[in-house]
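Peer 1: Here is what each chain is made of, one letter per residue.
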Amino acid sequence: KTQVEQSPQSLVVRQGENCVLQCNYSVTPDNHLRWFKQDTGKGLVSLTVLVHENDKTSNGRYSATLDKDAKHSTLHITATLLDDTATYICVVGDRGSALGRLHFGAGTQLIVIP
Amino acid sequence: DMKVTQMPRYLIKRMGENVLLECGQDMSHETMYWYRQDPGLGLQLIYISYDVDSNSEGDIPKGYRVSRKKREHFSLILDSAKTNQTSVYFCASSLRDISNERLFFGHGTKLSVL
Numbered sequence: 001k002t003q004v005e006q007s008p009q010s011l012v013v014r015q016g017e018n019c020v021l022q023c024n025y026s027v028t029p030d031n032h033l034r035w036f037k038q039d040t041g042k043g044l045v046s047l048t049v050l051v052h053e054n055d056k057t058s059n060g061r062y063s064a065t066l067d068k069d070a071k072h073s074t075l076h077i078t079a080t081l082l083d084d085t086a087t088y089i090c091v092v093g094d095r096g097s098a099l100g101r102l103h104f105g106a107g108t109q110l111i112v113i114p
Numbered sequence: 001d002m003k004v005t006q007m008p009r010y011l012i013k014r015m016g017e018n019v020l021l022e023c024g025q026d027m028s029h030e031t032m033y034w035y036r037q038d039p040g041l042g043l044q045l046i047y048i049s050y051d052v053d054s055n056s057e058g059d060i061p062k063g064y065r066v067s068r069k070k071r072e073h074f075s076l077i078l079d080s081a082k083t084n085q086t087s088v089y090f091c092a093s094s095l096r097d098i099s100n101e102r103l104f105f106g107h108g109t110k111l112s113v114l
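Chains A and B are the protein sequences, given in the same order.
All residue numbers for the first sequence refer to our numbering, where the first residue is 1 and numbers rise by one.
All residue numbers for the second sequence refer to our numbering, where the first residue is 1 and numbers rise by one.
Among the clues, some could well be false.
Mimicking BS3-like on lysine-lysine, the simulated pairs with C-alpha atoms at most 30 Å apart in a straight line are [claimed, not checked]:
(1) B:LYS70 <-> A:LYS42
(2) B:LYS82 <-> A:LYS56
(3) B:LYS82 <-> B:LYS70
(4) B:LYS13 <-> A:LYS42
(5) A:LYS56 <-> B:LYS69
(6) A:LYS71 <-> B:LYS69
(7) B:LYS13 <-> B:LYS82
(8) A:LYS37 <-> B:LYS110
No lab work stands behind these hints, which were simulated from the structure alone.
Only chain B is shown next, with the shape it has when bound in the complex (with noise of 0.2 Å):
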């Protein structure tokens, strides 16, 4: 079906809470994202993963981590959680030749740390 699911689509959390961010894909994709998006910034990249086990950090890594231990399945984990990671998080998912592939963007999980 062509899809990136995330869950959930919202969460709030207090200070010092661990969160666990989950994407699915159904496409066999062996490239998976996490990014997240502030108000008038581009996208940043968190977490690129370019298959099972083989993860490698992004532009703004700290405070999280990730898992990914199936193709199909990429987590985020935020161990005890800062305001400053209050954000909208995307997962995203693609073949491992992107230049003229599409790239597929999960709708979002709207994080509120407390």
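For reference, chain A alone in the conformation it holds in the complex (with noise of 0.2 Å):
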């Protein structure tokens, strides 16, 4: 079963455009939660971590918020470019060291239009 589901699946918005992305997860314990960037037939880019309870993290135009309670996190895009289409990966760790496991969601496909 997967313990990382992301939603939505895939989104359209305009250029200029905020956008929320959402992720739950089911993965116990739950060390930190990490969001990538993955263009098309790119690797995975690094946007944010997340460690510890309530962590809100900002990177340029990026956001994100984690809610250990609840289990869920939101990444946050405010005006968005064309270049912010991509699809977003949200990761749930289970352990602080490379032993433990990453949890991978199926990702959302964020389309940019002008």
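Join the two chains, each given in its own frame, into one complex according to the hints.
Peer 2: Following this line, the structure appears as structure tokens:
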């Protein structure tokens, strides 16, 4: 059973609009959560890592929150650009060391149109 | 330069042929990973390597083996490739303590087994 569920599966927004991507998970323990951006045909690029309960991070136009009680994270993208078109992947790590496992969501495909 | 490099980018093989996928990193990371990505699924871990000659099976190791003779280099080998091994393969690397550190991915190798 998938332990990391992302929604929506796909999303189309107009350039300049804001959008919110959701990640719900059942991984236990949940040591940390990461968001990645994957351009078509490319590898995953790290956007942010959230570690603590109620963590909030900001990386330019990307900001993320983590609610460990609810096992839920959101990724906000403000003032979207055409280059934001990509798949965004949520990953939950069950340990802080590489001895743990990383659990990957299937991704949200974001398309930004002019 | 903080990079994970995969070779080749694209590969077409016939069923039963042997396949060698290569991965290099220039960050002296102890840990390296091989994943495969299939449509609609999250990345699945094939093998993980904690250092030279210290490799462990991931979630889907059947049909694959790996080799790590130098810290900066990690190979994935398919002996007698099968059509269901058609996929995009990603190599990644990280420090041993990953909770607050970046995880670096290569650009992927798209393998087609005919």
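Peer 1: Would you mind marking each hint as holding or not holding in the structure?
Peer 2: Verification of the supplied hints:
A distance of roughly 25 Å separates the Cα atoms of LYS70 (chain B) and LYS42 (chain A); the hinted pair therefore holds under the 30 Å criterion. About 44 Å separates the Cα atoms of LYS82 (chain B) and LYS56 (chain A), which puts this hinted pair outside 30 Å; it is violated. The suggested pairing of LYS82 (chain B) with LYS70 (chain B) holds, with an alpha-carbon distance near 28 Å, which does not exceed 30 Å. Taking the CA atoms of LYS13 (chain B) and LYS42 (chain A), the gap is near 21 Å; set against the 30 Å cutoff, the hint holds.
Our distance criterion of 30 Å between C-alpha atoms is broken by LYS56 (chain A) and LYS69 (chain B), whose separation comes to about 40 Å. For a cut-off of 30 Å, the pair hint linking LYS71 (chain A) to LYS69 (chain B) is broken: about 39 Å separates their Cα positions. Taken as a hint, the LYS13 (chain B) and LYS82 (chain B) pair is honoured in the structure, with Cα atoms around 9 Å apart against an allowance of 30 Å. A hinted pair counts as satisfied when its Cα atoms are at most 30 Å apart, and LYS37 (chain A) with LYS110 (chain B) qualifies at roughly 19 Å.
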